[in-house]
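Chains as they are written, first to last, in this note's numbering: chain C, 5 to 295; chain Z, 5 to 295; chain Y, 3 to 385; chain W, 3 to 385.
There could be a bad hint or two in this list.
[What the hints assert, rightly or not] Take a look, some chain C residues computed to stay more than 12 Å from chain W by CB distance:
| # | residue |
| --- | --- |
| 1 | R31 |
| 2 | E102 |
| 3 | I174 |
[As the list claims (entries may be wrong)] Here are some chain C residues pointing at chain W (derived, C-beta under 7 Å):
| # | residue |
| --- | --- |
| 4 | G144 |
| 5 | L148 |
| 6 | P186 |
| 7 | V256 |
Think of the hints as simulated: they come from the structure by calculation, not from any bench.
Keep in mind that this is a model prediction, so the values were computed, not measured.
Where is the CB? At the ideal position from N, CA and C, for every residue including glycine.
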Amino acid sequence: MAILVDDGTRLLVQGITGREGRFHTGRMIESETKVVAGVTPGKGGGDFEGVPIFDTVHEAARETGANASVIFVPPPFAADAIFESLDSGLSTVCCITEGVPVHDMLKVSDYIKMTEATLIGPNCPGVLSPGKSNVSIMPGDIFLPGNVGVVSRSGTLTYQVVNELTQRGIGQSTAVGIGGDPIIGTDFIEILKKFEADPETGCAVMIGEIGGNAEQLAAEYVQREMQTPVVAYIAGFTAPEGKTMGHAGAIVSGGESTAEAKSEALRRAGIRAATNPSEVAELVAEALGKA
Amino acid sequence: MAILVDDGTRLLVQGITGREGRFHTGRMIESETKVVAGVTPGKGGGDFEGVPIFDTVHEAARETGANASVIFVPPPFAADAIFESLDSGLSTVCCITEGVPVHDMLKVSDYIKMTEATLIGPNCPGVLSPGKSNVSIMPGDIFLPGNVGVVSRSGTLTYQVVNELTQRGIGQSTAVGIGGDPIIGTDFIEILKKFEADPETGCAVMIGEIGGNAEQLAAEYVQREMQTPVVAYIAGFTAPEGKTMGHAGAIVSGGESTAEAKSEALRRAGIRAATNPSEVAELVAEALGKA
Amino acid sequence: MDLYEHQGKELLRQYGIETLEGIVASSPEEAREAAEKLGGTVAVKAQVLTGGRGKAGGIKVVKSPDEAREAAEAILGMDIRGHTVRRVLVEAGVAIASEMYLSITVDRGAKKALILFSTEGGVDIEEVAEHNPDAIARLHVDPLVGLLPYQVREIVFAAGLEGDTAKGLGRTLTNLYRAFEGSDASLVEINPLVVTEDGRVLALDAKVTVDNSSLYRHEDIAELHDVEAADPQEQRALEVGLQYVKLNGDVGILGNGAGLVMSTLDVVAQAGGEPANFCDVGGGADAEQISTALDIVTSNEQVKSVLFNIFGGITRGDEVARGLLSAIERTGIDLPIVVRLDGTNAEEGRQILAENTPKNVHTEETMLGAAERAVELARNGGR
Amino acid sequence: MDLYEHQGKELLRQYGIETLEGIVASSPEEAREAAEKLGGTVAVKAQVLTGGRGKAGGIKVVKSPDEAREAAEAILGMDIRGHTVRRVLVEAGVAIASEMYLSITVDRGAKKALILFSTEGGVDIEEVAEHNPDAIARLHVDPLVGLLPYQVREIVFAAGLEGDTAKGLGRTLTNLYRAFEGSDASLVEINPLVVTEDGRVLALDAKVTVDNSSLYRHEDIAELHDVEAADPQEQRALEVGLQYVKLNGDVGILGNGAGLVMSTLDVVAQAGGEPANFCDVGGGADAEQISTALDIVTSNEQVKSVLFNIFGGITRGDEVARGLLSAIERTGIDLPIVVRLDGTNAEEGRQILAENTPKNVHTEETMLGAAERAVELARNGGR
């Protein structure tokens with residue numbers, strides 16, 4: 005198995021003819037992802053490295069049987085691209101685009117409740133199931149097939165952690181970068197649930213950051229519901245304090261958004277909490293009995 | 005059992021101090037419905053026949069444990085009243101109000117997909133489970149507890165059919181008036197599903213009208229999924245032809261909205277189709293082996 | 003509420019949709035003046051609240067003011083599907099490159115707005131829908147999200163247009179959705195939507211139906227209601243909140259709730275009678291409304307008996323009985339009236355009637371019995 | 003992007019929210035003139051992009067133009083939490099009956115807008131939230147549905163207001179939500195929102211934060227950005243799309259992705275060093291941006307060594323290497339630079355560096371190794 009993307013994933017690339025779209029489509033094809041269609045309005049009828057290009061996602065999905073999409077369109081058009089994917093019945097949508105307006109994402113994530121689809125991102129590296137499918141901008145060659153599920157708010161930090169795992173010979177089932185924006189399609193808990201349900205995932209790694217309280221909520225879920233061992237790492241112990249105006253933020257979050265507070269909450273929930281990426285790999289090895 | 009409302013229903017009346025609200029609250033109390041709260045903004049703190057009145061539904065639900073509401077507020081405020089009920093966590097909402105703008109209902113019925121609640125109506129008589137709970141404007145004294153589930157687009161025609169059943173000694177599990185407006189909260193199929201799942205319902209009666217194609221869709225569902233016998237009646241064989249401008253309506257419905265076309269579709273699906281209310285009772289008796 | 007073509011176009015123009023220049027005329031002379039003002043070839047188009055006017059000869063294209071006068075003379079007063087033409091729209095001519103179809107309506111099943119678009123616009127669109135359904139693009143719009151840019155693109159790609167003409171179509175669709183939402187319409191239809199030879203996109207016709215329930219928040223639209231066009235009795239019914247449609251039989255019918263009234267019509271037909279009308283007094287009718295309803299129903303000279311079928315829910319039997327008695331007293335109606343009263347406060351209602359029964363009022367226990375009695379009374383000559 | 007009080011109030015006024023009359027002054031004399039113009043008692047308020055100015059002495063209520071001049075003299079140039087006061091808002095006085103708190107913010111967990119309201123407005127609202135949470139009404143607004151009338155009523159009932167004052171609060175909330183949506187704000191906060199003795203509802207303060215990602219569609223707001231207020235290097239970083247925050251250590255840090263950079267800071271600290279800054283070159287950085295980033299990081303005189311930590315995804319190793327080399331060439335930087343390159347095109351990047359290694363560039367295989375090396379180099383004196 006694996007979660008979200010696998011051998012059965014037929015990928016459509018939205019914004020395939022842009023700079024990032026072209027570059028990463030090439031790389032996803034190299035990782036043996038089945039890229040079946042590209043969409044760029046006005047460029048329908050052409051192709052990119054053998055991948056047919058369509059004007060609309062509906063048409064592309066109908067003609068090619070695509071069931072997932074990855075989005076590289078510029079921020080002002082990203083929400084529209086997500087809606088287009090959702091309305092075309094794609095089940096997994098990864099929005100890589102950085103800088104999508106928060107109010108656009110509020111509307112998108114409300115709408116998604118009316119669908120069966122999963123949105124990953126925006127401002128995320130995507131999803132990769134080693135040896136099966138790469139729907140991401142993650143460097144495929146650092147991954148190794150295996151049984152560790154990785155979920156992260158941060159892109160490059162994910163690569164760092166995956167790299168540390170791979171160097172120790174510990175492979176991954178699926179790595180999911182959920183994105184670091186204030187409003188994202190899928191949170192830690194929903195991904196952890198999928199890992200818990202996935203027989204191929206024997207250990208989950210959660211990589212968090214300062215800000216918000218998503219890690220605390222996830223910790224509660226882990227303690228309450230998960231059998232699969234979880235290793236966590238929160239970055240930002242020495243991060244500069246964010247400047248905040250007004251009181252609303254503090255009232256909402258209850259003021260517990262530092263790395264210390266988060267790591268403390270994780271430990272209280274019985275989760276192994278690392279202090280740097282190398283330690284993550286050590287703790288995973290320990291959890292898997294490979295130390 | 006019964007569906008939607010029963011002994012456990014704790015009812016809140018929105019618009020309890022208006023003319024209709026006062027009248028029907030009295031009647032629902034007479035039918036031994038547990039009316040636990042009323043809401044009229046600005047009249048909080050008072051009471052109506054011993055039922056405490058609140059300014060907001062949130063407050064009323066929190067204070068009284070109400071889990072269902074019935075709405076009697078005027079049309080311009082009806083959609084807002086529905087949203088208020090949904091956001092307060094009530095699980096069954098009956099909107100009696102007639103004349104709610106269609107575009108308001110489009111928004112409401114979209115929003116409802118994000119909740120767990122059931123909306124009945126608008127422009128409907130409500131829901132009544134004889135001997136258990138009356139969340140409706142239906143005259144309670146024509147009902148008899150029993151095992152026939154009744155679902156109808158028409159208010160008064162429902163009473164007529166129920167009356168015919170009761171006069172033959174055939175009781176009802178629950179009667180649901182889903183309303184006759186173009187956009188309603190709950191369609192035939194969803195109610196038929198609930199009857200199918202209700203061990204107390206041994207036969208379902210579906211009462212339709214000309215217009216739209218809800219009856220045809222329901223017939224398909226009945227044929228495909230239902231074990232419970234279904235008796236149907238479509239009113240409007242001699243109805244004046246509606247005047248329609250433009251082609252869109254005909255293109256959408258495919259032109260099959262006459263009573264003949266509907267009855268034909270029902271019969272094709274193996275459903276007993278009556279030609280008048282008395283015949284409904286006869287066919288039900290037959291279906292229940294009481295003829 | 004249906005709008006006339008010229009009203010619909012005015013509404014669409016308010017939302018930025020392009021139409022031809024046009025002038026409304028109610029006499030041949032006005033039509034001549036209008037044609038003179040517009041110059042060149044003009045179309046003289048019957049303004050009626052029904053379809054099929056083209057096939058009925060209600061549209062004529064003419065080349066001079068005098069011809070416009072003649073055309074208007076022929077069209078004004080014409081009967082099109084029961085609608086008398088009282089006004090024509092005189093509209094400037096244009097060179098057309100292609101005709102498309104574009105509409106937005108409410109899809110009851112999906113509970114969403116539905117856009118229909120075809121490059122095969124014109125009078126035969128329903129035929130296209132039946133025989134070549136793929137030629138019609140269908141697109142649902144989520145009511146909360148609204149029309150999205152990608153949806154506009156889908157329609158533009160379906161049209162196969164490019165450049166400024168593509169932009170014109172996109173703008174038209176965006177504005178049409180704004181008009182649909184902004185005016186609480188249940189239908190906005192442009193057929194044909196044309197591309198002119200110089201690449202503009204124009205609405206050549208406009209059918210707009212506004213949701214009656216929303217008129218309270220659209221005073222400007224409510225004012226457009228054409229009182230003269232309606233049957234005077236239907237109009238009077240509307241004003242007091244009743245639904246009334248005249249039919250051709252002799253049994254006047256009056257009940258509460260569209261379903262029950264429809265069923266009553268059916269039962270009367272099954273009993274061998276012919277309904278004279280459909281009259282729904284609605285939910286919660288009071289004595290005043292009941293009285294007006296009876297008045298309207300009996301004002302039809304063909305009516306020989308009246309079947310009064312009430313099953314009370316919101317409507318209360320006592321109110322009904324009082325309304326009936328006051329109507330009889332006020333109007334002196336002496337037609338036979340068969341009353342069948344059940345449901346909310348029916349007991350009280352029946353008692354009120356029993357205490358004051360005028361001799362032309364007959365009560366019956368069942369709907370079937372009441373229908374049979376009314377049919378029999380009508381057959382025996384009524385008044 | 004945070005707005006100054008006077009800018010936030012201007013925005014709120016555009017959406018129909020009432021505020022006091024006020025004039026911005028950048029000198030004591032301008033403050034005096036403003037006070038003269040407004041007449042009577044006025045408040046002189048420091049304009050800074052941080053909270054806590056009241057406690058820091060940044061607000062003074064004075065009774066004459068001369069006092070206003072003196073107050074401005076004291077406030078202008080003041081340092082409040084690292085922000086230098088360069089302007090004051092001179093605002094008319096008003097007789098206050100009660101102080102409330104009202105804000106709308108984005109609730110990340112619920113993915114909805116969240117309204118917070120309390121009758122206990124003023125500086126201690128966070129304390130109220132902690133010790134008496136029930137005194138704060140919380141109301142989520144669905145992003146697609148928007149603010150509903152019942153929600154406005156809930157807040158008005160929570161306020162316990164009646165009549166025109168209740169209407170004033172309802173109007174304020176409705177308009178505040180319009181401002182929140184219309185300006186793509188992530189925070190709009192009015193604290194205190196006051197009821198005046200004559201029953202008006204006024205915003206006495208305004209904190210508005212607009213989502214940076216949305217500024218492309220709010221040119222008017224983007225123009226308000228106060229370039230002078232920012233640290234010049236932070237400002238320069240912003241202009242080329244980098245995230246840069248100055249810190250107090252001596253190890254300059256540069257990486258891609260906020261998470262990786264934060265983690266790098268942590269690892270440097272664990273290795274016994276002190277980060278001199280946070281610098282995220284973001285996703286897909288090109289040679290030009292990398293070069294500027296290095297320039298900014300090394301312009302800090304305290305920096306003794308630089309740790310360059312790149313794990314490529316969108317960012318490509320070859321681009322990074324080229325950027326680094328061109329920056330060194332262009333600026334002649336001779337500080338020790340420890341480079342750790344991994345991920346997309348890292349191979350190519352490492353090769354480019356290997357072929358052209360300037361002698362102050364050291365490459366390391368691992369993040370931990372690179373951190374330790376950078377800390378060691380900084381300890382040994384750097385340049």
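Right, here's what the structure says about each hint:
1. R31: About 8 Å separates C:R31 from the closest Cβ of chain W, which leaves it inside 12 Å; violated.
2. E102: 6 Å, violated
3. I174: 16 Å, holds
4. G144: 9 Å, violated
5. L148: 15 Å, violated
6. P186: Status holds, d = 5 Å.
7. V256: Holds, because the Cβ-Cβ distance from C:V256 to chain W comes to roughly 6 Å (cut-off 7 Å).
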